[in-house]
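Asker: Listed here are the chains, written in short residue letters.
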Amino acid sequence: MGATAKERNVNWGSLDNFLAMGGYGFYVWGSYAMAVLCISLEVFFLKRSMKKTNQ
Amino acid sequence: MNSDLFRFAAPQAFFPVAGKLIPWFSVLAGVLALAGLYIAFFVAPTDHQQGESYRIIFIHVPAAWMSMFIYLVMAGWAGMGLALNTRLSGMMASALAPTGAMFTFLALWTGALWGKPTWGTWWVWDARLTSELVLLFLYLGFIALKGAIADPVHADRAGAVLALLGAVNIPIIYFSVQWWNTLHQGSSINLMAAPTMAATMLMGMLVMALAAWMYSIAAALCRVRSIILERERDAAWVQLQRNAT
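Chains A and B supply the protein sequences, listed in that same order.
With the numbering used here, letter number 39 in the first sequence gets 39, and the count goes up by one each step, no holes.
With the numbering used here, letter number 171 in the second sequence gets 171, and the count goes up by one each step, no holes.
Take these hints with a grain of salt, some might be off.
[Claimed, not checked] Derived EDC-like pairs (lysine to aspartate or glutamate); straight-line CA-CA distance at most 20 Å:
#, chain 1, residue 1, chain 2, residue 2
1, A, K52, A, E42
2, A, K52, B, E230
3, A, K47, B, D151
4, A, K51, B, E232
5, A, K52, B, D234
6, A, K52, B, D47
7, A, K51, B, E230
8, B, K116, B, D47
9, A, K51, B, D47
10, B, K116, B, D126
These aren't lab readings, by the way, just hints derived from the structure by calculation.
The whole structure should be built from the sequences, with the hints applied where relevant.
Answerer: Structural data, given as structure tokens:
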């Protein structure tokens with residue numbers, strides 16, 4: 001708290017560091033990957049059902 | 001009573017309105033999600049206790065909020081359908097359930113992936129986690145029950161009773177961290193107290209939550225359109241709609 005966003009800006013340094021997430025890569029990316037998968041699946045099924053009902 | 005408002009309570013009038021709103025909410029959801037992810041990974045600082053693992057919060061908390069909020073809205077529509085016998089209410093409740101179930105699953109999944117590095121375990125049978133799992137079963141039960149009853153009017157009624165009974169679970173989830181001793185940390189945001197987290201973390205969480213809201217509205221509107229067409233397929237206006245496209 002207190003410091004502004006700019007002062008605290010995260011600097012990952014390299015892509016490897018970014019992907020490693022300080023050793024928590026599996027947990028962090030496992031969470032985001034499942035979120036992307038779930039939302040993609042829902043969007044896919046919504047689009048498919050819209051097409052079906054429009055026929 | 002405002003008759004203009006009630007006009008849109010008819011599925012036939014609501015159908016085109018929903019269609020016009022979907023692109024707006026979809027675009028808003030996309031823009032907010034990109035902004036939220038940027039804050040989550042490039043602005044919010046490393047947590048001094050949990051390191052980078054805390055970045056799961058930007059998915060976990062919005063998903064958990066949506067899981068509870070969508071249930072309340074769903075139960076609200078269901079209750080309105082029971083009380084007023086409006087056709088659209090039951091359809092709205094059905095349209096919300098899969099998205100609510102999806103966010104509940106995500107809250108549990110991300111919670112497990114966060115629990116392992118922080119608590120040393122994927123799962124514990126404590127009050128917060130168990131009541132959230134019950135919420136998932138309530139959503140799935142609601143979907144299964146409605147799917148099992150062929151007559152839509154009966155399905156709406158039975159679903160509404162289940163949804164309303166299950167609403168008791170929502171305050172249990174929300175207050176579980178205060179009522180019982182639990183591994184789960186307390187609320188991330190307390191309206192009565194100053195925020196305990198960095199302003200940028202809070203901002204990322206709120207922007208992601210807003211994105212989840214917009215996404216949920218778009219998904220529910222999209223699904224309700226399919227449900228309307230399905231249920232009213234024999235109505236004259238649907239036939240006209242079909243012929244027009």
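Asker: Which earlier hints can't be squared with this structure?
Answerer: 3, 6, 9
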